[in-house]
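Chains as they are written, first to last, in the UniProt record's numbering: chain A, 1 to 249; chain B, 1 to 249.
Keep in mind that the hints were calculated from the coordinates and are not lab data.
Don't take every hint at face value.
All copies of an identical chain are treated as equivalent in the list; a pair is satisfied when it fits inside any one copy or across any two copies.
[To be verified] Distance condition first, Cα-Cα at most 25 Å in a straight line; then the derived SDA-like pairs of lysine to any residue:
hint: 1; residue 1: K145; residue 2: L113
hint: 2; residue 1: K82; residue 2: N230
hint: 3; residue 1: K193; residue 2: L159
hint: 4; residue 1: K193; residue 2: G47
hint: 5; residue 1: K89; residue 2: L113
A quick note: this is a predicted structure, and the numbers were derived from the prediction, not measured.
Number of protein chains: 2
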Amino acid sequence: MLKQERQDFILEILDNEERVIASDLSQRLDVSEDTIRRDLKELDSLGLIKRVHSGALRLGPPVQDFTKRQDVNKDIKIELAKKAVEFIKDDMVLVIDSGTSNLAFVNQLPLNLKATVITNSPPIAMALGSHDDVEVIMLGGTMFKESMVNLGVETIEALNTIRADMYIMGVHKIDCSIGISVPSIGEASVKRKMIEVSNDVLSMVTSDKLNTFASHIIAPANVLTYMITNSKKNDVLAMYESQQVTVIN
Amino acid sequence: MLKQERQDFILEILDNEERVIASDLSQRLDVSEDTIRRDLKELDSLGLIKRVHSGALRLGPPVQDFTKRQDVNKDIKIELAKKAVEFIKDDMVLVIDSGTSNLAFVNQLPLNLKATVITNSPPIAMALGSHDDVEVIMLGGTMFKESMVNLGVETIEALNTIRADMYIMGVHKIDCSIGISVPSIGEASVKRKMIEVSNDVLSMVTSDKLNTFASHIIAPANVLTYMITNSKKNDVLAMYESQQVTVIN
DNA sequence: ATTGTAATTGCATGTTTTTGCATTTAATTG
DNA sequence: CAATTAAATGCAAAAACATGCAATTACAAT
Numbered sequence: 001m002l003k004q005e006r007q008d009f010i011l012e013i014l015d016n017e018e019r020v021i022a023s024d025l026s027q028r029l030d031v032s033e034d035t036i037r038r039d040l041k042e043l044d045s046l047g048l049i050k051r052v053h054s055g056a057l058r059l060g061p062p063v064q065d066f067t068k069r070q071d072v073n074k075d076i077k078i079e080l081a082k083k084a085v086e087f088i089k090d091d092m093v094l095v096i097d098s099g100t101s102n103l104a105f106v107n108q109l110p111l112n113l114k115a116t117v118i119t120n121s122p123p124i125a126m127a128l129g130s131h132d133d134v135e136v137i138m139l140g141g142t143m144f145k146e147s148m149v150n151l152g153v154e155t156i157e158a159l160n161t162i163r164a165d166m167y168i169m170g171v172h173k174i175d176c177s178i179g180i181s182v183p184s185i186g187e188a189s190v191k192r193k194m195i196e197v198s199n200d201v202l203s204m205v206t207s208d209k210l211n212t213f214a215s216h217i218i219a220p221a222n223v224l225t226y227m228i229t230n231s232k233k234n235d236v237l238a239m240y241e242s243q244q245v246t247v248i249n
Numbered sequence: 001m002l003k004q005e006r007q008d009f010i011l012e013i014l015d016n017e018e019r020v021i022a023s024d025l026s027q028r029l030d031v032s033e034d035t036i037r038r039d040l041k042e043l044d045s046l047g048l049i050k051r052v053h054s055g056a057l058r059l060g061p062p063v064q065d066f067t068k069r070q071d072v073n074k075d076i077k078i079e080l081a082k083k084a085v086e087f088i089k090d091d092m093v094l095v096i097d098s099g100t101s102n103l104a105f106v107n108q109l110p111l112n113l114k115a116t117v118i119t120n121s122p123p124i125a126m127a128l129g130s131h132d133d134v135e136v137i138m139l140g141g142t143m144f145k146e147s148m149v150n151l152g153v154e155t156i157e158a159l160n161t162i163r164a165d166m167y168i169m170g171v172h173k174i175d176c177s178i179g180i181s182v183p184s185i186g187e188a189s190v191k192r193k194m195i196e197v198s199n200d201v202l203s204m205v206t207s208d209k210l211n212t213f214a215s216h217i218i219a220p221a222n223v224l225t226y227m228i229t230n231s232k233k234n235d236v237l238a239m240y241e242s243q244q245v246t247v248i249n
């Protein structure tokens with residue numbers, strides 16, 4: 001593994017996990033702790049992470065609370081969310097799962113929207129607390145704390161009795177030929193079911209998620225009806241269009 | 001837990017609770033009191049908190065989060081919660097429903113607690129996000145926004161397959177002779193079911209809730225195993241004791 | 001191909017940080 | 001004032017760190 005690769009990987013882990021411990025990284029990346037220390041030192045001096053004794057923290061305000069957790073691409077996500085909201089009409093039935101993009105989307109929904117929202121994400125449900133005319137149906141399950149989402153057989157079973165107009169899918173990794181993927185099987189099977197019970201699928205995809213993949217493939221990219229992205233690379237976007245995905249830019 | 005994380009956590013607690021006791025923090029964060037003292041000393045010298053004998057105080061007003069409404073009796077509820085936490089042991093299975101007292105309770109649980117929590121309240125589930133050894137099982141249902149809780153037949157059905165050691169019941173209205181009551185039938189039936197599936201029932205009851213009632217009666221007061229209250233009225237409390245309720249004061 | 005240079009990595013060494021415990025000192029409470 | 005509780009101090013063990021060095025690799029120029 002190349003040094004640059006390794007450091008990118010550290011940044012990616014940090015993006016997901018809020019903190020890293022040097023000795024853990026040493027094991028996960030199979031290099032000595034000295035090398036990890038050097039990496040962390042370097043990334044810190046580049047201003048990309050905050051180095052602390054025994055590990056490193058993600059930059060930005062340390063916040064446990066998921067409802068006010070804002071990540072790096074906050075502004076971009078709000079812009080994408082505004083475009084996504086235009087697809088939502090009164091009386092629609094929406095399935096919405098977890099993710100900061102989806103949270104931004106929900107926060108952009110007009111307060112007078114009349115709709116039904118089915119979600120397995122507690123933060124999404126709570127964010128809809130002030131939308132008086134949105135009925136929120138929460139799917140139960142075992143809470144997966146990394147992404148604050150309910151998963152498991154109960155969740156999938158509950159979806160059996162659901163039919164939705166649109167699924168707002170949180171996407172972490174997407175590659176035009178590989179498809180949409182996540183790092184855990186639990187998330188994968190629930191998302192697959194959500195696709196199944198929905199007429200259309202809409203995802204907000206920041207450009208850093210394009211051309212990436214993880215271990216568990218949910219479905220090919222063409223399950224997306226709409227992909228809203230800030231990427232301007234026409235060659236990439238054309239590939240999605242050729243798979244009947246409507247790309248909004 | 002990294003030192004920096006711990007100190008961030010202390011600041012966050014202080015943001016919620018106005019004051020902290022060193023010995024409490026030691027238990028909640030699972031480190032020695034010496035370490036807590038060193039942390040407080042450090043945070044104080046950074047001008048982030050005001051160190052006082054036995055603990056520390058918040059400087060200035062809390063960072064307002066408009067999404068969560070502030071609570072009238074917050075300090076009292078924190079005190080009751082601290083007493084309630086003493087009843088919780090490792091490996092217990094807890095059912096916890098909604099309410100600000102219950103939220104305070106969950107926030108007081110030590111970070112190293114090993115337990116299973118079953119809840120129909122999204123805020124409760126989210127508050128347990130930093131307890132690595134607490135498995136959270138979320139009950140689905142239709143979200144009742146006034147109290148941010150999932151209700152309905154799905155919720156009750158899911159409880160059918162549950163058996164718990166203790167139910168931490170949010171109580172809004174209680175009267176010694178009338179019983180425990182709520183203003184909606186949906187809440188009443190779910191709470192009734194939660195009582196049914198639990199060996200013991202514990203409630204934190206601020207004095208303003210005593211001798212009040214609402215339209216839908218859940219159960220007589222004697223379903224409570226433990227009632228933790230700040231009320232000092234001995235005549236009232238004696239009436240509960242005579243119904244085999246253990247009153248903690 | 002070969003040589004020289006720089007980058008990268010792991011290891012050995014000594015140093016620093018962090019933490020918990022024991023002891024002493026100080027503050028608080030009744 | 002006595003008893004309890006909290007704080008300060010010093011100490012020791014473990015973990016993390018910095019440093020220098022050697023081995024390896026990558027790469028460029030010859």
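Hints, one by one, checked against the model:
Taking the shortest alpha-carbon separations for K145 and L113, only the inter-copy value of 16 Å comes in at or below 25 Å, while the best intra-copy value is 29 Å. For the identical chains of this complex, K82 and N230 are intra-copy neighbours only, at 12 Å inside a copy versus 48 Å across copies, given an alpha-carbon limit of 25 Å. Taking the shortest Cα distances, K193 and L159 sit within 25 Å of each other both inside one copy (7 Å) and across copies (23 Å). Proximity of K193 and G47 under a CA criterion of 25 Å is satisfied in neither setting, with 41 Å inside one chain copy and 51 Å between copies.
In this assembly of identical chains, K89 and L113 lie within 25 Å of each other by CA distance solely inside one copy; the values are 8 Å within and 45 Å between copies.
Going down the numbered hints, you'll see the structure goes against just number 4.
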